[in-house]
Amino acid sequence: MTQPTARPSPAKPPIAEAEKDASMLKQKAMMAAHYDRLADAPETGAKVCSTFVPGNLNELVMCFDLINNLPEVNAIQSGLRRKSGAYVLEAEKQGHSDDVCTYVKSDIGMMAKGNIGPNGRKMPDPDVLLLSYTGCFTFLKWFELLREQYKCPTIMLHTPYQGDGKITPNMVQYMVRQLKESVIPKLEEVSGVKFDIDRLREYLKKSAEAEDDLVAVLKSARHKPSPIDAYFGGIYYIGPIFGAFRGTDDAIQYYQFLRSEVEERIAKGEGPVTPEGPMQDQRYRLVVEGPPNYTSFRQFWKMFYDEGAVVVASSYSKVGGTYDFGFRHDPDRPLETLAEYCLGVYTNRSLPMRVDMLCDYIEEYEADGLLINSIKSCNSFSAGQLLIMREVERRTGKPAAFIETDLVDPRYFSPANVKNRLESYFQMVEQKRSGTRRKEVAA
Amino acid sequence: MTTPARKPAPNGDPATHRDALVARAQAIFDDLNFGEARRWKEAEPGRKVVGYLPIYVPRELIHAANALPLGIVGGGDAIEVIHGDAYYQSYICRIPRSTIELGVSGRLDFVDGMLFPSICDVIRNLSGMWKIMFPHVYSRYFDVPQNYEDAVGGNYYIAELAELREDLERVTGTKITDEALNNSIAVYNENRRLVRDLYALRAKVPWKAPAPEIFLILRAGLVLPVEEHSEMLRGYIAAAEAAEDRSLRDNSRVVLSGMFCEQPPLNLIKSLELAGCYVVDDDLLLVTRWLIDDVPTDGDPLANLAAAFLHHSESTSSKYEPDQAEKGKYLIAAVKRSGADGVIFAAPSFCDPALLERPMLQNVLRDADIPFIAFKYAENSGQMQPIREQAGTFSDAIKLWSGA
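Chain order of the listed sequences is S and B. Each residue of the first sequence is one higher than the last, beginning at 1 in the numbering used here. Each residue of the second sequence is one higher than the last, beginning at 1001 in the numbering used here.
If we strip away everything but chain S, and leave its shape as in the complex, we get:
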C-alpha cells in the first residue's frame, strides 16, 4: 500500500491579538491582584470564604476580613483558558454524572488536578463555605460536595424563591433571622472578628455608589449606535460588582472609569470595543437571555460581530443583581437590604417575571428581537426557556431564536450549528423588517 503523499496544510492566518478597552485592562489588573491575594492567603494568614455570585454577600464577607472566593468565577476562568474541558472529564472520571452542571465538575476537576488558579498559583482551601442558596438548586449540592472535600464549616443562607412574583415580608424576615442567628455568629466564629454593623453600612454605601454608575453604563445601550455590548461586553461590566469588589473603593473607581469611557464613546458616536475591533456597523440590536459559552467566548462573540449584531440588554448580566430595576444596597437597612438583594437576583425571579423583564428590555432598548442561548448545564436558566421565547414573541411581535451551548464544557459548543442558527435568525429579522416596511408603504 502506498502512503499518501503528505500535503502541507494551508497556513492559518495568525489570530489577531484581542482588542481591549482601557476599562478591560483595568479590570484585568484588579482580578490579577485578587487572585494573588487568594494565592498568598496561606502566607498572609488571611482567611478565605467561598460563596456564589447570585446572593454574593461581599459587604458582609469583608466585615470579617475574609477574602471572597467564587467557584463559579474560577470555572469561568478555566473555561476562558480552555482548561475546563479536562477538569470536567476528570470529575466525570471520579463518578460525577455527565448530566449535571459543568461549573461544579470544572471546580471539582480543578481541585483534583492541583487546584491551580488562573494566575498559575495554587488556590487556597476555603476556611468557610457560605452557601448562599439563591436562585439555583445546584448550589446546595455543590457546597455539600465541597464540604466533603474541604471539611470546613459551611453556612447555609436560604433565599426563598419569588414564585408568585413578589417579595413578601415573611421572606425578608426569614432571611434577616438567618443572618442574625446563624450566618453572622458563624462568620464571627470562623474569622475571630466581631461583627460591626457600621462597618457593613460603610461598605453598603460604597456598593450603592458603584451600582449607580453600573446602571448608567447598562442604560447607555439605549443610544444608537450602542456604546456597549450588554452580553459579551456585559461580562466585563459586571465582573467587579458581582465578584469580590462590591463595596470597595476599587469598585467605585472602576465604575466611574467605565462610565466615563462609555460616555466618551456616546459623545463620539462610537460602538463598543470587541476583540475584533470597535463595532461601528450595528445592523441588529438584540436582547439575549441565558449565560454565554466560555470555552469559545471570542469565537462566539465574533459570530455576532461579523453580522453586525450588538446586544443591548441581557438577562445574564442580572444574575448578580437587578440594579437596573431600581434596587440599590441601602446602608440604613443593612440586613434587610442584603436579603432584598438576594431575593431580587434574576434567577430567583419567577418565569412570568423573566418574561416581563425581557419584553420590557425589547421595548426600552428598541431591540430587533430576542435570542436565547440555552445552556445544557443550567436548569435554573434553561427549564422553561422555550415557553419564554414563545411568550416574548407573542407579546412583542419581535422574532426570537434559540441556540444551545454550554458554560464551560467544550463538547457542547458546535460552532457551525450556532453560526447557522444565528444566520437564519438574522434573515428572520430582515424579513420582519421588510414586512413592516411594506405595511408602512401600503398604509
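Just so you know, the hints here were simulated from the structure itself, not pulled from any lab data. Please read these numbers as outputs of a predicted model, since none were measured by experiment. Take these hints with a grain of salt, some might be off.
Below, simulated DSS-like cross-link-like pairs (lysine-lysine); rule was C-alpha separation at most 25 Å, straight line [as the list claims (entries may be wrong)]:
{"no.": "1", "chain 1": "S", "residue 1": "Lys151", "chain 2": "B", "residue 2": "Lys1327"}
{"no.": "2", "chain 1": "B", "residue 1": "Lys1376", "chain 2": "S", "residue 2": "Lys93"}
{"no.": "3", "chain 1": "B", "residue 1": "Lys1327", "chain 2": "S", "residue 2": "Lys93"}
{"no.": "4", "chain 1": "S", "residue 1": "Lys186", "chain 2": "B", "residue 2": "Lys1327"}
{"no.": "5", "chain 1": "S", "residue 1": "Lys28", "chain 2": "S", "residue 2": "Lys219"}
{"no.": "6", "chain 1": "S", "residue 1": "Lys268", "chain 2": "S", "residue 2": "Lys219"}
{"no.": "7", "chain 1": "S", "residue 1": "Lys224", "chain 2": "S", "residue 2": "Lys20"}
{"no.": "8", "chain 1": "S", "residue 1": "Lys83", "chain 2": "S", "residue 2": "Lys224"}
{"no.": "9", "chain 1": "S", "residue 1": "Lys122", "chain 2": "S", "residue 2": "Lys93"}
{"no.": "10", "chain 1": "B", "residue 1": "Lys1329", "chain 2": "S", "residue 2": "Lys151"}
Derived contacts from chain B toward chain S, CB cut-off under 7 Å, selection only [claimed, not checked]:
{"no.": "11", "residue": "Gln1089"}
{"no.": "12", "residue": "Tyr1091"}
{"no.": "13", "residue": "Ile1092"}
{"no.": "14", "residue": "Asp1121"}
{"no.": "15", "residue": "Val1122"}
{"no.": "16", "residue": "Ser1127"}
{"no.": "17", "residue": "Gly1128"}
{"no.": "18", "residue": "His1136"}
{"no.": "19", "residue": "Val1137"}
{"no.": "20", "residue": "Tyr1138"}
{"no.": "21", "residue": "Tyr1148"}
{"no.": "22", "residue": "Tyr1156"}
{"no.": "23", "residue": "Gln1324"}
{"no.": "24", "residue": "Asp1352"}
{"no.": "25", "residue": "Met1384"}
What follows is a set of in silico ranges between Cβ atoms, one per label pair, in the way DEER data are often shown [to be verified]:
{"no.": "26", "chain 1": "S", "residue 1": "Lys166", "chain 2": "B", "residue 2": "His1311", "range": "26 to 34 Å"}
{"no.": "27", "chain 1": "S", "residue 1": "Arg390", "chain 2": "B", "residue 2": "Asn1033", "range": "25 to 33 Å"}
{"no.": "28", "chain 1": "B", "residue 1": "Phe1375", "chain 2": "S", "residue 2": "Lys432", "range": "45 to 53 Å"}
{"no.": "29", "chain 1": "S", "residue 1": "Phe325", "chain 2": "B", "residue 2": "Gly1299", "range": "48 to 56 Å"}
{"no.": "30", "chain 1": "S", "residue 1": "Asp40", "chain 2": "B", "residue 2": "Ala1200", "range": "57 to 65 Å"}
Ideal Cβ placement from N, Cα and C applies to all residues, glycine included.
Following the hints, put chain B in place on chain S, whose structure we already have.
Chain B in isolation, oriented as in the chain S frame:
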C-alpha cells in the same frame, strides 16, 4: 369527606382479595384521565381538586378544605408526549414534559389548583410555566425552609403554611378551621402509619409483598381520598400477609435510591425483582411517608406541621444536610432497617438532585462496606434488558461474595 363505595368485596381467600386490590390499584395507575378523582369531584357540587407534584406538600391542608389532593407524578410510559417536548430541550428530564402533556391534552381540566413543591429548578420553573399556560388555575410554588431552627426556618414555614391556607380557602370556598385541620392531620397520621406498616411487611416478607404491588398500592393513594386509601392499605396488608400462594426465592435484598421525583416505569421495578433483587426499601412516592412520626392532633396545627417538617421528616437530596457527619446516614439507616444487602442507585436522566447527591451517598456506602450499583432511567424507558442484566449480576455478586 364522603367516599364512593367502590371497593372490591373481601372474600375468604386472602390471595384473591389481595389480587383484587392490586387490580384496582393497577386500573387507577393506568387511567391517565384520573377517572377516580373526576368521579369524586362530580359526586357533589362544589367539590374541588388540588394537584401537587413530588416530593411533599402538606396534604392535610387540602383535605381540611374538603378538597381532594391529587398527586401528579408525570405521565409514565403510557402517555404519548406530543406537545410537552416542544417546551423542553433534550437535556431536561421527562417529568415536566409529560406533566405539561397532561395539562395541554385536557387530562387535568378538572383540577382547580396546582402546587409545585421545592425540589429542583425544573419543577420550580414549571410553576411559572403553569401560571402562564393555565392562567385560570390557581398555582403556587410551595417553598420549604432549608434552615431547621424553629425560630428561623420554623417561623418562616408557619407563615408560608398560613398563606397556603388562605389561598386554599379562597380556591375551595371553605374556611379551614384549626379543628378541621387537626382532624385531617389525624386522618393522614393513620394513613402514614399504614404505609409504614406496609414497608415493614415488605422488609419482613418481600416475596409476599413484591415491590411492583407496593408501588401500585401507594400510587393509588395519590388519587383516592385518603380514607379510602387507608382502607385499601389495611386490606392489602392483611391479605398479603395471610396469603400462602407465594414462596421465598433465592433473591438478594436491595434498597432503591434516587426515584423520589420522576417515577420509573412499572416494568423497571418488575425487572429488578425478576433479576433476583427483592426491593425492601425505596424512596418512591415519598409524600406518602414524608413525615416519619405522628403529628400531634391538638394545639396549633400549623406549628405542629412545621415542627414535623423540621424535625421528623425524611431525608432526601432536595434537603440540605447541615451536619456533614449525618450526610447520607439516612441511606445506611434504610439498609439496616430493611435488612438489605446493597443499594441500587436509579436516577432519572438529568435529575440534578439525585445525580449531584449520588457521589456523596456512594462515598458513605463505601465507608460502610455496603455494595451498590447505579444506572439512569426515564419514566418512559422501554428497554429493560440492560437493567435486568446489571441488577442480576449485582444480585449474584451479593450472594456469592457477601460472606467473603
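Hints, verified against the model:
1. Lys151(S) / Lys1327(B): Given that 25 Å is the threshold and the Cα spacing comes to 12 Å, the pair holds.
2. Lys1376(B) / Lys93(S): 17 Å, holds
3. Lys1327(B) / Lys93(S): Holds, at roughly 23 Å.
4. Lys186(S) / Lys1327(B): 20 Å, holds
5. Lys28(S) / Lys219(S): With a Cα-Cα distance of about 23 Å, the restraint between lysine 28(S) and lysine 219(S) holds, given a limit of 25 Å.
6. Lys268(S) / Lys219(S): Cα-Cα ~17 Å, so holds.
7. Lys224(S) / Lys20(S): 21 Å, holds
8. Lys83(S) / Lys224(S): Roughly 38 Å between the alpha carbons, so the hint for lysine 83(S) and lysine 224(S) is violated.
9. Lys122(S) / Lys93(S): 22 Å, holds
10. Lys1329(B) / Lys151(S): Within the cut-off at roughly 17 Å; holds.
11. Gln1089: Where the cut-off is 7 Å and the nearest Cβ of chain S is about 6 Å from glutamine 1089(B), the hint holds.
12. Tyr1091: 5 Å, holds
13. Ile1092: 6 Å, holds
14. Asp1121: 4 Å, holds
15. Val1122: At about 4 Å, which falls below the 7 Å cut-off, the nearest Cβ of chain S leaves the hint on valine 1122(B) intact, so it holds.
16. Ser1127: OK, holds: serine 1127(B) within 7 Å of chain S, min 6 Å.
17. Gly1128: Glycine 1128(B) check passes; min Cβ-Cβ to chain S is 3 Å, inside 7 Å.
18. His1136: 14 Å, violated
19. Val1137: 14 Å, violated
20. Tyr1138: Tyrosine 1138(B) check fails; min Cβ-Cβ to chain S is 11 Å, beyond 7 Å.
21. Tyr1148: Given a least distance of 9 Å, the restraint on tyrosine 1148(B) is violated.
22. Tyr1156: With Cβ-Cβ at 4 Å, under 7 Å, it holds.
23. Gln1324: Holds: closest Cβ of chain S sits about 6 Å from glutamine 1324(B), inside 7 Å.
24. Asp1352: 6 Å, holds
25. Met1384: Violated: closest Cβ of chain S sits about 21 Å from methionine 1384(B), beyond 7 Å.
26. Lys166(S) / His1311(B): 26 to 34 Å: 30 Å, holds
27. Arg390(S) / Asn1033(B): 25 to 33 Å: With a Cβ separation near 27 Å, arginine 390(S) and asparagine 1033(B) satisfy 25 to 33 Å, so the hint holds.
28. Phe1375(B) / Lys432(S): 45 to 53 Å: Roughly 47 Å apart at Cβ, these two residues keep to the hinted range, so it holds.
29. Phe325(S) / Gly1299(B): 48 to 56 Å: 43 Å, violated
30. Asp40(S) / Ala1200(B): 57 to 65 Å: 58 Å Cβ-Cβ, so the 57 to 65 Å window holds.
Checked against the numbered hints above, the structure violates hints 8, 18, 19, 20, 21, 25 and 29; every other hint is satisfied.
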